[in-house]
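Enquirer: Take the sequences, apply the hints, and build the full model.
So the protein lines, in turn, are chains A and B. According to our numbering, the first sequence holds residues 2 to 348 in order. According to our numbering, the second sequence holds residues 2 to 348 in order.
The hints are simulated quantities; they were obtained by calculation from the structure and are not laboratory data.
Chain copies aren't distinguished; within one or between two, either way the pair holds.
Quick list of in silico lysine-lysine cross-link-like pairs, DSBU-like style, CA-CA up to 35 Å:
id: 1; residue 1: K339; residue 2: K47
id: 2; residue 1: K47; residue 2: K342
id: 3; residue 1: K336; residue 2: K47
id: 4; residue 1: K297; residue 2: K336
id: 5; residue 1: K47; residue 2: K297
id: 6; residue 1: K339; residue 2: K36
id: 7; residue 1: K297; residue 2: K197
There are 2 protein chains.
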Amino acid sequence: MSKPMRVQVEEYILDLQDRIVSALEKLDPNSPPFKRDSWVRPQGGKGTSCVFAVPEASHSDTTAPTSVLEKAGVNISIVHGTLPPAAIKQMRVEHSSIPYDPDATAALPFFASGISLVIHPRNPHASTVHANYRYFEITESEDKEKDPGRVLAWWFGGGCDLTPSYLYAEDAVHFHKTIKEACDPFGTAMYPAFKKWCDEYFFIPHRQESRGIGGIFFDDLCDQPHARLAADAVRPKDPEQIFAFIQSAGNAFIPSYIPILEQRINMPFTPQQRRWQLIRRGRYVEFNLVYDRGTKFGLATPGARIESILMSLPETARWEYMSEVGTEEGSEEEKLVKVLKTPVQWV
Amino acid sequence: MSKPMRVQVEEYILDLQDRIVSALEKLDPNSPPFKRDSWVRPQGGKGTSCVFAVPEASHSDTTAPTSVLEKAGVNISIVHGTLPPAAIKQMRVEHSSIPYDPDATAALPFFASGISLVIHPRNPHASTVHANYRYFEITESEDKEKDPGRVLAWWFGGGCDLTPSYLYAEDAVHFHKTIKEACDPFGTAMYPAFKKWCDEYFFIPHRQESRGIGGIFFDDLCDQPHARLAADAVRPKDPEQIFAFIQSAGNAFIPSYIPILEQRINMPFTPQQRRWQLIRRGRYVEFNLVYDRGTKFGLATPGARIESILMSLPETARWEYMSEVGTEEGSEEEKLVKVLKTPVQWV
Numbered sequence: 002m003s004k005p006m007r008v009q010v011e012e013y014i015l016d017l018q019d020r021i022v023s024a025l026e027k028l029d030p031n032s033p034p035f036k037r038d039s040w041v042r043p044q045g046g047k048g049t050s051c052v053f054a055v056p057e058a059s060h061s062d063t064t065a066p067t068s069v070l071e072k073a074g075v076n077i078s079i080v081h082g083t084l085p086p087a088a089i090k091q092m093r094v095e096h097s098s099i100p101y102d103p104d105a106t107a108a109l110p111f112f113a114s115g116i117s118l119v120i121h122p123r124n125p126h127a128s129t130v131h132a133n134y135r136y137f138e139i140t141e142s143e144d145k146e147k148d149p150g151r152v153l154a155w156w157f158g159g160g161c162d163l164t165p166s167y168l169y170a171e172d173a174v175h176f177h178k179t180i181k182e183a184c185d186p187f188g189t190a191m192y193p194a195f196k197k198w199c200d201e202y203f204f205i206p207h208r209q210e211s212r213g214i215g216g217i218f219f220d221d222l223c224d225q226p227h228a229r230l231a232a233d234a235v236r237p238k239d240p241e242q243i244f245a246f247i248q249s250a251g252n253a254f255i256p257s258y259i260p261i262l263e264q265r266i267n268m269p270f271t272p273q274q275r276r277w278q279l280i281r282r283g284r285y286v287e288f289n290l291v292y293d294r295g296t297k298f299g300l301a302t303p304g305a306r307i308e309s310i311l312m313s314l315p316e317t318a319r320w321e322y323m324s325e326v327g328t329e330e331g332s333e334e335e336k337l338v339k340v341l342k343t344p345v346q347w348v
Numbered sequence: 002m003s004k005p006m007r008v009q010v011e012e013y014i015l016d017l018q019d020r021i022v023s024a025l026e027k028l029d030p031n032s033p034p035f036k037r038d039s040w041v042r043p044q045g046g047k048g049t050s051c052v053f054a055v056p057e058a059s060h061s062d063t064t065a066p067t068s069v070l071e072k073a074g075v076n077i078s079i080v081h082g083t084l085p086p087a088a089i090k091q092m093r094v095e096h097s098s099i100p101y102d103p104d105a106t107a108a109l110p111f112f113a114s115g116i117s118l119v120i121h122p123r124n125p126h127a128s129t130v131h132a133n134y135r136y137f138e139i140t141e142s143e144d145k146e147k148d149p150g151r152v153l154a155w156w157f158g159g160g161c162d163l164t165p166s167y168l169y170a171e172d173a174v175h176f177h178k179t180i181k182e183a184c185d186p187f188g189t190a191m192y193p194a195f196k197k198w199c200d201e202y203f204f205i206p207h208r209q210e211s212r213g214i215g216g217i218f219f220d221d222l223c224d225q226p227h228a229r230l231a232a233d234a235v236r237p238k239d240p241e242q243i244f245a246f247i248q249s250a251g252n253a254f255i256p257s258y259i260p261i262l263e264q265r266i267n268m269p270f271t272p273q274q275r276r277w278q279l280i281r282r283g284r285y286v287e288f289n290l291v292y293d294r295g296t297k298f299g300l301a302t303p304g305a306r307i308e309s310i311l312m313s314l315p316e317t318a319r320w321e322y323m324s325e326v327g328t329e330e331g332s333e334e335e336k337l338v339k340v341l342k343t344p345v346q347w348v
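Expert: Here it is, written out as structure tokens:
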């Protein structure tokens, strides 16, 4: 008998975290290593945050920054607890695989594990990237000492998306192509469906623009029919197949991102380009604090680990009133804005 | 017969905006003047944003900043439109003076005018300040050409609060004392009630700390009983009395803030103090984007003027993972944090 899925996922994300952090450290051997920060959740669970930060480099207005990365976090968490009936009811709206019991009054145990990363490089020509892969389980209440309870519902979610300040079409194509190639063996309908979902999710309504140039985003992937995938579409359906898909997408992160980072981190840049990057980071903050479901859920959860949740925010961000940057026709800044207003099919 | 209240309020906020902007410009005669930016709302209304920004000063990591202010906006808006029945129903929860008609299916005209300001000085020893005074009316539908319809409900709201990065007790006392003296002639119960409300409102639950060191905050001030004021409390009740109170509070802004600004803007500061100021501004951004009702309402309103709504955000903000700044016992940073965790009675 194979190991329980929760154990397989835990082993995988631990290994993936290690590989990603190593790849980033290798890129910038002169910088301090990531800080490994393990924590325990009093309500149940644990995690390890691997964080890169160079606070000395930019709080001073006079010190020239030197590191490749400016802020980065590659975090894993493995938590469990109980969901009150109201939360289960709410969750059922989007996760139809949760068994429906209209008379349910008891809380149900849940288990969630995942890897979540955000990398903000310093060079304005190098894109910010975000990725997140997670596994969720709801189990039967454990009246007895047997552990854990039978799995009532489970699903995977996740995705990966790129947020440049300056648009390099070849970077966007490489990123999307690598992700698509990781998806295609599991069904060619997957990438287009999840690419579209990504464009819809990472959208800032009050700006009427996307946060970045997309990637993939998905949730609720399990053995049930999926609202975003046609009933007859080839797709992974059983736990092992879906987990194989998750691993394929997760493993694609390094080859999708590191090469474009290597390409851009040594490009010269001007104060004007740095300014535009900080304005784009302001938009990143706006999306994450106002719309991102994970962030909102985290901030509203008593006892949540705020430092992990707000890890995704950039080291610095900038807001200008009626900024002229990005509006000049034909400028490199305007080239990006155009694509954010109208998502592109990169592959 | 005196002028309609909406006209009186408009005249007052126009004059107050002019006085405040002049006082700020006088403070810093070497900086460029505020940019006056008048706009028209297609759905009805107009406004003038007076904005200070020195974008050249800080996007470069090497240019030393020189201006006293870093970002500031002193805005007025005078808008009108119609409220759908759902919005009226929602509004009634907090504004009991709105006539209750369970069968209401028609939209009602509204009118709103106010002044709103946020000033972010550059020196970490100088506090950020926010103030806002506003008047709201709901009127009868105008079937005929008579204009405007009879006022069905009206109220005033507003307040003023201080957000230092470094705590100077004498500044906090001066600020609160000046505001209290503006409130007291209208009833000594007003300042304590609205000071408490301010502490409750400008609170960041996920940080378990206040945004700043308070001031006053109030809403729904009209001729009806008020949830925050005892039935037998001396308080302004009719429109003219309440408007006189608003003017007293509004006029107190300059003497409450400008002297403490003058006191701090020439103090020397270190990169470490600048860093702490930017971290505090990150918290300011968190409060405004995640919790502030006005900001949330604005961002969710189609056609709202995003540039005016996000005017309140600082020029730059900073996020550090598990920052050690503010945690060292006995440090000036920790002194502020302590007060943010436990609001103080300054007068």
